[in-house]
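Quick note, the sequences are listed as chains V, F and G, same order. The numbering of the first sequence is the working numbering, which starts it at 1 and goes up by one. The numbering of the second sequence is the working numbering, which starts it at 1 and goes up by one. The numbering of the third sequence is the working numbering, which starts it at 1 and goes up by one.
Check before you lean on any hint, since a few could be wrong.
[Claimed, not checked] Have a look at the derived ranges for each label pair, beta carbon to beta carbon:
hint: 1; chain 1: F; residue 1: PHE200; chain 2: G; residue 2: LEU265; range: 44 to 50 Å
hint: 2; chain 1: G; residue 1: ILE295; chain 2: F; residue 2: LYS255; range: 55 to 61 Å
hint: 3; chain 1: G; residue 1: LEU265; chain 2: F; residue 2: GLY66; range: 37 to 43 Å
hint: 4; chain 1: F; residue 1: PHE200; chain 2: G; residue 2: GLU20; range: 44 to 50 Å
Calculated from the structure, these hints are not laboratory results. For each residue, glycine too, the CB sits at the ideal point set by N, CA and C.
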Amino acid sequence: MLKKLILSLLIITLTLPLFSCTTSTTTPPTKISEQSVSTSEADQLSAETREMTDLAGRKVVIPIDPQRIAAMTGPSYEMVFMLGGQNRIVMTKSGHTTNYPVALLTNPDLANYEGIGANPSSSVNIEEYLKREIDLVIYYLNDNELEKFEAAQIPAVVLTLTTSVFDSVEDVKNMTLDEYIYNSTAAVGMLADIFGADAIAEYEDWKKYNEEKIYMLYERTQDLTDDQLSTVYWGNTWGENILASYPLRSRYYEIRLCGGLLLGPEAGGNFPEITAEQLFAWDPEIILVDNHGNYPELVIKDMNKEGSKWASLQAVQNQQLHRIPAGVFFLDKGTTTTLMLIWLATIIQPELFSDINIIDEIKYYYKEFYEFDLTDEQAQKIIDGWYERISDEPDT
Amino acid sequence: MITKLKIENASFGYNEHGNVWENINIQVNQGECFFLLGPNGSGKTTLLNCINNSLPLNTGSIYINGKDVKTFSITELARTIGIVYQEHTAPFPYSSLEVVRMGRTPYLGMFESPSQRDTDLAYSIMEQLGIAHLANKSYTHISGGERQLVLIARTLCQEPEIILFDEPTSHLDFKNQALILETIKKLSENGMTIIMSSHFPNHVWKVGTHAALLGFNGMVVQGLVNDVMTEAHLTNTYGVDVKIYQANSGMNEKKFCEPNFI
Amino acid sequence: MEVSERIAANKVMQKENIEEKQSRLKWAVMLISPIFLIILTLFLGRYSIPPSQVVQILGNKFLGLNFEPTWTSSAETVILQVRLPRAIMAALVGASLSMSGAAFQGMFQNPLVSPFILGVSAGASFGAAAGLVLELPALGVQALAFIFGIIAVGIAYFLARIYKSTPILMLVLSGMVVSTFFQALLSMVKFIADDEEKLPAITFWLMGSLGSIEVKDLAIAVTPISLSMIILYLLRWKLNVLSMGDREARSLGVNNELIKTIIILSTTLITSTVVAFSGIIGWVGQVIPHFCRMIVGPDHKVLIPATMLIGAAYLILIDNFCRLITANEIPIGILTSIVGAPVFAYLLRKTKGGWN
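Produce the complete structure using the sequences and hints provided.
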């Protein structure tokens, strides 16, 4: 009898958390103003809020003029910075505050931002956000972690999707130019919308720039036949080789815009590994080395070495190993994707784009959208990948 | 009379909680079949394990052929003393011949395997024990009694001068008990020095020449069988009233003992 | 002899002859398989090379022949620097892991034991993950994996030591403790692997792959692996005696503590090296010896050579699946588990849990 009592008590205590979880998710966020909170929070919360739908289709209630933002995803700092919102940021992903010299150049204050580690699968320490009175989080699409923000009543928006927009390569191939332009500008657009008037104006300018440049690329490459395209392989660097690739999806379209054919496994996952033999079989004309992984520049050096096993690849022989540029952030993400495509186009179809001076393009972008004057040397350093991985301070 | 084994002032205990036995003094001469009797927990098996240096004594020494057992190398010891444990199964289904052949290990180097000569020797020993027909049968598929004989054959392959038996008949039926006892008797008659721990006092009269009774407070008595196997001694050792009977069955006359139940 | 007796005797002799012939055939197949599979591997791959060219490339390289190169330098690279070292490494890994498994199964008197039971895979995983997070070059990652594999086993060994002996039960328990400990450390490293970049690298590394094997890796790995394999091969008959139990082995004149230590050292050298170069490849060390026992019997004298041959062939076969089916590199650890676990389950059912 006693055993049964103990057992039932045990079961009840074990199932209690389930009840508490369900109750918290059913609490509508609009009840924020009814909570008893500290005075500063109360001031904040009595300001207006509105409901919006983020890029993951989630309905979120956000403050009308967020002033204490946590920009935790990879590209988010750069996007906020481009829209002129850097003073709104209180906290960002730790790497941003130390590893990007250009980010520090363009915003010296960045070094003082609170930096906390974050990645699509990491665990959120909600107290860090509460203690800094964050009023808006830009975060990854990770339901478990997003629930924590909801439970703490901190608005969280997803502006970049960690899964590809497209289910298959066929879908990518069937995308129209307008669809691409929408997809590649939607995140910045949504962010501008969150910030308000000035940001929206900045966004309109930026969008016009993108449209102009993308149309330019499209016009020059849309009629290229398949054999006129250059084959491109895009790899990451775990260890000493570049066999970690991307699955073919949205990048495929972008490379096509530049007049290239992206090679890669159709399989899913974030960084599917290919076999060395497959790389030899493809023998791409151009190999791009991403900034994920360890020391891309060392891997490139290793591949170019005398007697390296990769020596027979045409990309090695023709010195077509290129590291993806890095400035305020890596050029392939954030607001600078189109800028990267311009750079890529000059590499993938040099004759077609021989009129383009990539240094000038980069300087223009930085002046126009970051309000910063780059020297030629600085622009070149960005092309070479200006990124210094300084070990992160442990979080206190 | 050659003294094969001498135990002097030996005591053994597993920990600080006291000794299992102490003040043990035993002498076994060549050709004797020395029985070790005593109740459960008196430490018979432990004593055997001390004799072949598997366990260390707390005090005292054990001498084999006059040499302290601690000074023997493992190989030397295995060529001098063999121990037959109670039969058991093996984790893998080796053939019985393979198990017997393992007895040749003390004569093989670290990286050596048995030669044809070793195999022939093993087989002939199996023939001598009448179990040659089991050679290719799996050790794990034969009966308990057959397994015990295989283990005896294995020990014989070591060509030892002394054989220790640890309760070799404990879980065997009548027939197999008889088989084992006969084998041991033959070995003894052929001059092997045998020390055997046993649960069956009655076997002593059948096979033993000498015996020692090990009680809870140490050794009660040792010596020739008839001197040792008295009602007084047995009662003292087992802690229960033991009576000795004499019986006839046709031409056979046997002595046996039994606890005295009402 | 009576006629009936003579007929019976003849029948027995015939049976023995057939059995001998079958046995010789078995061994012939087992001996040829790995060699055949290595050669086959050279001809297969996603980079297509006509067989005649393959032969010519090999002839030029190894027999000093002088065929006119009608092939690209990429083709030569693929044959000599991609396929060949990979195939040889697969054979080495398969053979050595299977041997280690068989040796441990004998030593631990248990046919279910894996060569990773003393914690080597947990330790090596932690070492590799730490190396990846610290952004060491590939050689550094391998070295850390190797070192921590050995450290883990060392800890387990000394934890298990009682009065100058290491009883089997203590070894098993210590192995469990050490494995759990290093797995916890591994989780911590994964947690610290803050960036988006390192976690996928760690995960892929742990799943096991022969895809990055180059000639220089083979040159380093072949020495410790072969050395240990030779030692285990020489000790193979002693495993029979050891498998009867510590106490019995000792009474038969085997210095069981010494032999156990040698076996642990050798298998740890093998497993640490293998894990350092190719990640965690499980279910080979357990399943292959079990399977070989069904073919050649439990006598380690023949079991050990059999596990070498069949283990090598098995892993070459699996690795070919890993690299041929898609453009992706399928981690070999996944395939060996997918194949190994059901096969093991089948063996378990067939022998009904007992192995007799």
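Hints and how they fare:
1. Evaluation of the 44 to 50 Å hint for PHE200(F) and LEU265(G) yields a pass: the beta carbon distance comes to about 46 Å.
2. Checked against the hint of 55 to 61 Å, the C-beta distance between ILE295(G) and LYS255(F) comes to roughly 56 Å, which is consistent with it.
3. For LEU265(G) and GLY66(F), the Cβ-Cβ distance of about 38 Å falls inside the hinted range of 37 to 43 Å, so the restraint holds.
4. Our hint of 44 to 50 Å for PHE200(F) and GLU20(G) holds, since their Cβ atoms are close to 46 Å apart.
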